[in-house]
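K.L.:
The chain contents come next:
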Amino acid sequence: MKRFSILWFLCVAVANADPPPGDPNQPYDQLPGTLETYHIPWARPLEGGPLKALFIVPYNDSREVVEAAQRIEVDYTVIMNAGPGGWADGYFEGENATPLHGIEAEATLERIARERLSPERNYDVIVIGKISWEVIPDWVRKSILTRVEDGAGLVYVSPNRLQRGLRPTAEVEGEDAEFSRLFERDAPTELNERIFGGLPMNALPLDIETDSAAARGDSMDGPRHLVERARVRLSTTKHGEGRILGLDYHDEMIGRRNSASLTPFIYDPEGDHDVVLYDFCHLLLARCLLWSVDRLPLETPIDTPAKMERAETTDLGHTIRDHTGVVVKGRPLAAGDYFIDRGLASRSLQVESELRVEKIETETEWVNPGRAVSGSIKLTRPVKEGESVRVEAIDTWGRVVAKVSVVENRFTIDFENPLSELWDLRAVIEDSRGVVHSQSTPVVIHNTVFDDFLFMIIFAPTPGQNGWKGQLHAKRMREFGINSTYTYLIYSQILQFYQNARANLRSVVYAEHLGELMSPTDHKQDFTVEREDLDLAELSRMCRHIADTGKKLDPAEFPYRMGHFDAEWINGRLNAYRRASAFGSPFYTLTGENYLSGEFNGLENSGFGPTTTKRFQEWCRKEFGENLKALNTEWNTRFKTWNEIRGILIQDAVEQDQLSRWIDFRYFMRSRVWSQFFVDWTDMMRVAIPDARTGRVGHDHHDFSRYHEQMTSSKLYIGQSPLPEWREAMVAELPQSFSGDKGFYLAPQSTIRWTYDLQSKINRERWPWLTLILGLNGFDWENGLAGPTLGGMSGFTPCYSEALPFFKDMAREVQAIQRGIGKLTIAADPHRSDVAILWSPRNHYLSRCLPFEENGFSGTFLSNIVTHGGAPADCLALLNSLRIRPTFIASEDLAAGGFKALLLPYNKAMSPAEAEAIRQFVHDGGLLIADNEPGSFTEHGRALGEERRLADLFPDFKDSTLIEHGAGRAAYLPNGLNGYVEKHGSGDFAQAEPVQRLLAEFADQRPPIELLDAAGKPRRDIFARVFNVDEVRLFGLLRAAIDDGSQNLKTSMILPEKAHVWDVREHEYLGFGDRFELSLDLRPRFLAILSSRLGAMKLEIDGAPSAGAPLTIRGEVEAESDAITQAVHFRVYNSEGVELEWFRRNEIFDRRRFEIALPLSFSIKPGTYEVRAEHVLTGAEASLHFTIER
Amino acid sequence: MKCFLIAMFILASAVAAEEPIRVSDDFEKWEWKPVTHSMRRGGKKRLAEKRELSFEYRGPLYRGPVGFILPAGVIVEGDEAFKGSSVMLTDCQVGLHGRYSHKIRPESTYNYSLALKGHGTFRFRVWVRGIDVKSSEQTWLGFPNVIEIEATDSWQTRTGTFELPAYKDSKFQIAKALSAAIVIDAGDRIYLDNFSIEERIVD
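As they're listed, the protein sequences go chains L and E. So in the numbering used here, spot 655 of the first sequence is number 658, and the numbers just go up one at a time. So in the numbering used here, spot 55 of the second sequence is number 56, and the numbers just go up one at a time.
The set of hints was computed from the structure by calculation and includes no laboratory data. Yeah, the Cβ is synthetic: ideal placement off N, Cα and C, and Gly gets one too. Fair warning: there could be bad hints in the mix.
Within a straight-line C-alpha distance of at most 30 Å, the following computed DSSO-like cross-link-like pairs (lysine-lysine) qualify [unchecked claim]:
no.	chain 1	residue 1	chain 2	residue 2
1	E	Lys46	L	Lys986
2	E	Lys30	L	Lys986
3	L	Lys381	L	Lys362
4	E	Lys51	L	Lys527
5	L	Lys961	E	Lys46
6	L	Lys961	E	Lys45
7	E	Lys51	L	Lys961
With beta-carbon atoms standing in for the labels, derived distance ranges [said to hold, decoys possible]:
no.	chain 1	residue 1	chain 2	residue 2	range
8	E	Asp186	L	Thr524	40 to 46 Å
9	L	Phe462	E	Glu81	54 to 60 Å
10	E	Ser39	L	Glu647	38 to 44 Å
11	L	His926	E	Glu50	38 to 44 Å
12	E	Glu81	L	Phe864	33 to 39 Å
13	E	Asp186	L	Glu647	46 to 52 Å
14	L	Asp832	E	Glu57	48 to 54 Å
15	E	Glu57	L	Glu647	29 to 35 Å
16	L	Glu712	E	Ser137	52 to 58 Å
17	E	Ser137	L	His326	52 to 58 Å
18	L	Trp572	E	Val134	52 to 58 Å
Partial pick of chain E residues on the chain L-facing surface, computed with a CB cut under 8 Å [what the hints assert, rightly or not]:
no.	residue
19	Trp33
20	Pro35
21	His38
22	Arg41
23	Gly44
24	Lys45
25	Leu48
26	Tyr58
One chain only, chain E, in its complex shape (with noise of 0.2 Å):
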């Protein structure tokens, strides 16, 4: 089943590919969902640590913001929000798998822009794999952040572009769509709003 759904996932964006990618959100709709198997283990683990939650729940769910399949921070409302809701981000990577899976095109420049505030360090990271399609042994190449901005007190509105760095080998060749996640590290705290990124169209 795993392999399965992966090549779907795949199948899904390769048919996808042909549409420059965008991804935005504004944090304004969230739901209630289960809380999942995986989700039971790992906040165990996290509480036992003397670590927070980095999401909230009540009784069986936890909320998470519309698009994101797996936890993706708490909502922020009121005086703390940006506009409307927002989100509030510790010691958590988002968006790996289903946000941003497979939306980082090697060759392509990516416009960006976002709300920011908090204490700590925004990180959009992109998971760099490698594959040798002769034997398909796979490898990690890097983890470069292709996004790092020190938050501030106040919210700060930024925009900009990245694109990933070069990566030469010989024997792997990149894959043709990455995944990438928000990265913030235990102690920080990052309350973010209107997060999109897009790529740019090349004449």
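So here's chain L without its partners, still in its complex pose (with noise of 0.2 Å):
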């Protein structure tokens, strides 16, 4: 073991995490215990004074001992560990990991552990949070029991003997005769009857457990995680002076599903997090914390019977919640569940009444804004005189938003101007003495619209699906600016789409994983195999089918099977779709990180299926113009006939000779099977989701190209390392250039590794401006808390109290996009120049069979499945430090013609067709610029030596030249493009002047704004993207932060004409002209440029504001002409100066008068309201207020 422990050193010596342990963005061993959740104080102040309490648990899970202590008054110390089945071995991934390991986690938990075991510190009590005894340090057991030995209590949780690992599931084999001394003793009768009577048992998911004989395994009712209910049981020994008491709930094998160390983990299908039963779960805990040290009281049992009809309950008079937590006042009590505490007990008392709501359904389960919905109510028996039923709407936000009567048990209501997604129709039974009864069924509001920043957390806790956490962690971050969540369609969690409206989330749909890697071994297969199975043209093919007929799958028609894709599987997803349709969402994802067999490794093994070597053979004729023979050249093969036509593995084309054969196969796969898969299945979807946008998740071995209406949108693998903007714009770009700026983006970002946009306060400023510069829609915030580790993957400290100082400087820039400024950007459109490039990815396989040429079509370690790295992205980032946006276009476009200058960054690989459509573009006037001897290959990769394509544009590779051809001119810059990224970002943009010369010269081609460094040269190292929206220019600046920033600020702006500017950051007007000096830091820059001037901002109010009715604000701003494209910040206050955020908004005018109206509800209190508006652009604020009489 020793020379392990050498080993071991050896490699996590020089791994630490980021931050390190005492950082203030560090969240390990944090736990301020500030934030206040539902709770009743049971036990607060406790008779006696506080209890001292040591509490050992997992970091993720240390939450709860806040929660314990908000019911029971206790003075706390905390040791975190990593998880259930670790100690100081938690998980971590990769350079940068946030997390503590290794030598650093186990020394820094032994740190705190010595200090908080030494022999000065006392305790009343331990509490052990379902941590395995086999992996607490054996000095740490017999601290422990030292303790209880001389008297202390010890409440373990689940107490359990896991095998150390991630996520155990089994436990230590062989027995433990201390283990069972210890935990396993049955508590007799009395003790069980002590704690649990206290509690209100039969409305918990609980059931008690008396038998140790019972199994550790899954229940009777299926597999623990997925159980419903839990069970409990109670183990106690005496110790010494000291009380044990085992806290059993049997979940020990599922607290690999985190988020419950002190309560048990109960799966709840429907998934709200019940914060009543989770409190009664903490007043179980507090009632074995005060066993174990001999201070819970004794009580005299609750005297109210179980059940009680309502009339009976009048003069009940002790303090009763409702089953949401309520006090209710009222007497009688309506029908339904209730809670009756005293002390440090409750009971349940279930209201009966003879007249109730049996049910209430709609007659669809989701409407468009503005439509009406009817529906249906059944009572048990009539109602009487003095008898009423109505049925009222509740939004999430609880506010009562419409109310109607009920007409022979129908009802109708209209969703006039809905604040959220859903809302809950209640029928109300009513008497002379108060309401009798009410059931309520959801009605969801068809939203899809998606025109604002978008942040948005994923793979984290979220509402629905990690008990309390989820609750917590999405609550939390909203107050940040998190509006949104990635939703699971892949596993069928319809309910996720409510829970995420519940907690006023909109959904991003994962819909789907689609490849074919199926399997973790798919991954390490024999890629010298040919894989005839994967067949993926004839899943295309029955999507296809689907789409144009519009029907279900007929298995006996289509009986093909790849995996777990097979007819039956996809008429099934179609029924998800539906039902997700409901809802709306930006883009659906269709595969995240998932490709064709063996292509991430750069060994593609698949495309031999029958269906998808007919398509070869069809494409194969086309291409050739049905000429074998030319063919056969090509490839270095000796087909007979179109028939034997099949692809082939790398490993065969380099040993026959047949590289041409594999590029030609390759780009057939990757377009014309791969890409048109992901076509066809969109297509499929929008049978049953007919506006659904779809794209994915990652990395970027698609043919854009093919993507103009289907696969437009994306979450972008871009970021997190220094200069994406200039190293990874091409990830944008593409997708970008061929969906004609349609499509919907994510940018990544993750608390797993301390990435470069974390590590500084500046980086963290710049990251959400830069995605809005780049036209993105928004970014993703990854993880959070949700799996076993020590520290870090959280922006909050574990106990969800502060947020982290590099989360809150990520955030506060979000919020400010989030003011109005991000969705004027995105409705805006973007500038581009007259300037295309040539993208052809056919050469991508051309460019592999060439490991050593200069520069590649694509590079990075990755080079098979990114498109940055290479020439196309040096070229990319000398045309954008020009500040000249240009499109990529595909050789299909040249025809179509419309801009004045082409590039040709690497087009090695060029057909006959391809080259004359060049050359005619130059002839018709335009200007040619290229790099990396283009044409200089076949289409098909052949060399063609002299016989290369375009030599009369390109004479000589060796030098640079420019020659006349009709009314055009064709450059050849010999690494004119090629290395532009690297020498950028050392700052050497010399390279750019020549190409800057040609487009001015030749093509009319300029930046729509230029910006002039203090020597009055054109700057290079600002990335800058220009908006419009109607006569509104925005203009985002991002200085490459290739230095430090600190040295020539001096920067002029020139504009093409005069205009008003504002720093809409700033809010600062910054005059009228057509020069500006500006002082250019790192700091993002973002300015309105307009053709008149804005002034103040009035609101004044139409009509008499009324509950139930909209109020109609009108406002105008000072304006040179009435015809003015603005954009307006909205917020409404109460008296109390809190705001009311169901009403917040951002409005887009094209008026100078504008009207908005704030629809208010039938539950809004008297009193007095400020409405707050600030103008986006200007700054410019103006507010009134008005008042709700009673």
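Two chains, two frames, some hints: make the complex.
P.N.:
Listed below in structure tokens is the structure:
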């Protein structure tokens, strides 16, 4: 073991957590405990004074200590370990991992544990939260037991001997006599009655288990992690002077589900976190703690019956809470479930009524805003005189937003001006004494508008998925700008949509994870074997059938199966899509990190299935114009008929000298099989969700030139390392170009690693603005206390009390963007120049066959599956450096024209038709600029030598040339584009100047807005984008972080004509003119450029405000013309200054006068309210007050 | 990820470390594998310096002997080979990562055998790493050539033993398992076959 320790030391010595322990951005061992959640202070204050307690709990569930302390007065100390199956050894990933790991984790936890278990520290009680006894160090166990011997209590929640591991599911073999003695002796009946007697056990999803022989395996109801009820069993023993109590929920096998180390993990299929039942679980813990120190008071039982008729509750004097935890004052009680609390005990009460709502139904599950929904109710009997029934709608903010009467058990509700995506329609029966009974059903409000800046949680605790943590994580993240969450339609979790809506989060749908890798073993197969079983083209055909006919597949007609993909499975997905279509999503992810078989490793081995082969043959016939001889010449093959044609593995192509065949085959596979598959899947999906936008997460192994109408969207793998807007701009530009800027794009962020974007204040400030300036719709935020780690993985302290500085920094910028500039920018059209870059994905495969060429089609260690890192990326960076934004086009776009300059950064492989189209473009007056020997190969990858294409335009690849051809010119710049990204990164921009001169002189292409340095030279280090919305130009600028930005600040901004300019971030008017002097450091800048000046803003109310009616607010901005596009940010506050978040909105108007309607609810409280408006561009403010009378 | 990979590698070595170490290659089996990103960068640099590549490649693949995770020479067949197929090495360092990684124990003696011809010197070099267990600082203590043989024009078989020279350092302890590589200088051209090293068991 010593040898192993040294070897381990060797490894981990160089790897520590980032940020380190003690850093304000490292959440480990930070537990301020100031955030309050719903609770009953059962034992606060505690008679006899607070307990001194030591809690040993996993870091990521340590919030539960604070939850416990809300219920019982306890002076707590915490030792946070990694998880139920590890002491200091938790999960971490990669370099700059945020969790502590290795030696640092061991040393830090050792230091903390020794300090907090030192003899000077006294505790009344020690609590262990589901951590395996086997992983607790021996000295810690001994220290605990010594204290118990001396009289301390020990409460061990779910005592277990799970094996060490991140997600342990098996116990250590063999018996442990000491463990059995300490934690497995059944508690006597009297103790069970004493502890559980004070709880409303009939209302809790807990079954008391008294049989110690009951297995720890799956319950009789099924796998533990899906069990809707937990067993609870007490064990007890005396150890010296102290008491040991085991509070065993028999859920240690699902400790891996996280979020519950002091309470039971119970899977609720509805998913909603029940705050009242959770509170009772803590009451149970509190009672156990007190018993363990002999301070549990004896109680007089609460003497109410378990059931009462409504009429009998008229004189009930107890403090009564309903099932939502609200104290109910009125009597008699409505029929339903209640709790009567006294001291440290509670009892359930079921109130019954012979008059009840049996059912409420609607004719539709969802509705478009502004439309009506009809429905019916069924009562146990007709209402009599003095009784009435109505239906009201409650939105997700808890507001009563509609009320209608019921006529002959039918009703109709108008869904006007909804401010949430769900209304609960509640049928309420009332009599003269109050509410008799009510019941509700949800209706979804179809909302497909995603026009504002998105900040999304992903692979993190989400509402309905992770108990208290899912609910709390979402709530706290929302306070910092989170407005959406990744939603698992892939697992058909339709309920998650409802849970998200109730938490006021938009759903962004993870629909599928399609690809040829269907199990972990697919990553490690023998790639020298042709996979004839994988026939993606056949699946495509099946999808196309549904798309064309609108009908489900007949398995008999389509018997093909690839893994789990078959006709029945696809039909099932259509059902899921139909159900999910009630909700909107900005796009539906169809694939993540999935690929063609072998593609990730560069050893593709699929494409040999029958349908794929047939399609390949058809494609080859078209490619070679029915000329088999030409094919054999290109490929070095001897096929006698087209039917013999098939693909080839790269190993075979190399051995048989048939690389051209491989190039054609793999291009066909990526473009006509893989990308086509997603086109077909999208069209199939649109049978169920007509407006669906589709896309992907992750790498760029697609033919983007196929994605004009489908697969236009994506979560892009961009950022988290330096200079992404220069190095990785292609990742965004390719889909943006080919979709016509119609896609929806998110960038990634994560707390898994201390990435570049998180590492400094300026980087955190830049990141959100970078995503906006790149033309994206937002970014996501991955992870959040979701797994067994020792620290890290969070933007909050683990108790959620405080946001960490790095998260606050980034969230601040998000929230600034969400005050309207984000929405306005997203609504705008991005300016594009008349410059195009020809992107020909055939060249990807040729480039792979030239591994030592000067510059490839793509680069980096993932060059098989990414698009950046090569010559096209250099070309794009160069043009961005000139601030001339190009558009990527494909060869089929050449004929359409519409641009004045065309760049060929990497077009070695070229067809005769392509060459002719390029030649024609020049002849007609276009400017052509090229690098990397265009046309030197056939489109199939055969070297042409002296017979290369376009030799007339590029006579010499050694020197720079400029050739006149017709009305245009062709320029060859050897290494004129290559390597620009690297040079730019070191501050060398000289390479851009020849291109700039050519574009200016021969294509009249210049940046729309010039930026000059102090010497009057154009700046090449500013990433800038112009967005046009009517007459407003938005100008985002980001100086490259190639230095600290403290030098070379002076920048002159030259406009094409005089205009009024505002600094949108500072809300500062910079003046009127065509030349402005700016000081550009690394901070992002966002300017608004308008032809007319905007002045003050004023608001007024139209009409008298009234509960239940929309309130019209009119506004006006001083402007020189009536037609002026502008955006205003609105918020509403009550008289205590608390914002009514549901009214928050950004509105875009095209006139200087505008109008909005605030739908006031029926439940709005009387009082005075303030509406505040802020002009998004100028910062001009206006406000008014309105009063709701009693 | 890098740390985890190293750890797993070490773990594997540690578990396997109970058996005597033996690495043997007859260079009979070769496979085509993708040229990696680092090979592309390194290869471009070499070609720009007018050095030849130390491996054979066609299209996106290079050919290497089975058992080596990185390039390890060029296949030699027919009359030039010793038996079946052999490997030709020039201007390269082979096996440091993978084949001979953590295969040399400082206290052990090793038997070796090989078949060799060519022009230049065959060297088997050990990378001796030291660790200060208190501070976890690491350093290189030396790079001894434990095998060094001049090649001749015709094939010769050689056998012998080697062990690591002693390193006495008060601060740094030698790691328990060291890595080694075949090293061939630029300008040298070495043909190799049946190369094996085997840890000698001491009773």
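K.L.:
Evaluate each hint against the coordinates.
P.N.:
Status of the hints after comparison with the structure:
1. E/Lys46 to L/Lys986: Holds - the C-alpha atoms of lysine 986 of chain L and lysine 46 of chain E are around 17 Å apart, at most 30 Å.
2. E/Lys30 to L/Lys986: Not OK: lysine 30 of chain E and lysine 986 of chain L at ~43 Å, beyond 30 Å, violated.
3. L/Lys381 to L/Lys362: With a Cα-Cα distance of about 5 Å, the restraint between lysine 381 of chain L and lysine 362 of chain L holds, given a limit of 30 Å.
4. E/Lys51 to L/Lys527: Judged against 30 Å, a Cα distance of about 37 Å means the pair is violated.
5. L/Lys961 to E/Lys46: Distance of about 20 Å is within 30 Å: holds.
6. L/Lys961 to E/Lys45: holds, 18 Å
7. E/Lys51 to L/Lys961: holds, 19 Å
8. E/Asp186 to L/Thr524: 40 to 46 Å: Roughly 43 Å apart at Cβ, these two residues keep to the hinted range, so it holds.
9. L/Phe462 to E/Glu81: 54 to 60 Å: For phenylalanine 462 of chain L and glutamate 81 of chain E the Cβ distance comes to about 56 Å; the hint holds.
10. E/Ser39 to L/Glu647: 38 to 44 Å: holds, 39 Å
11. L/His926 to E/Glu50: 38 to 44 Å: holds, 43 Å
12. E/Glu81 to L/Phe864: 33 to 39 Å: About 35 Å separates the Cβ atoms of glutamate 81 of chain E and phenylalanine 864 of chain L, which means 33 to 39 Å holds.
13. E/Asp186 to L/Glu647: 46 to 52 Å: Taking Cβ atoms as reference, aspartate 186 of chain E and glutamate 647 of chain L lie about 50 Å apart, which means the hint holds.
14. L/Asp832 to E/Glu57: 48 to 54 Å: holds, 53 Å
15. E/Glu57 to L/Glu647: 29 to 35 Å: holds, 30 Å
16. L/Glu712 to E/Ser137: 52 to 58 Å: holds, 57 Å
17. E/Ser137 to L/His326: 52 to 58 Å: Hint holds: Cβ distance 57 Å, inside 52 to 58 Å.
18. L/Trp572 to E/Val134: 52 to 58 Å: holds, 56 Å
19. Trp33: holds, 5 Å
20. Pro35: At 4 Å from the nearest chain L Cβ, proline 35 of chain E passes the 8 Å test, so the hint holds.
21. His38: holds, 4 Å
22. Arg41: holds, 5 Å
23. Gly44: holds, 5 Å
24. Lys45: holds, 5 Å
25. Leu48: Given a least distance of 6 Å, the restraint on leucine 48 of chain E holds.
26. Tyr58: holds, 7 Å
Of the numbered hints given earlier, the model fails hints 2 and 4; all others are met.
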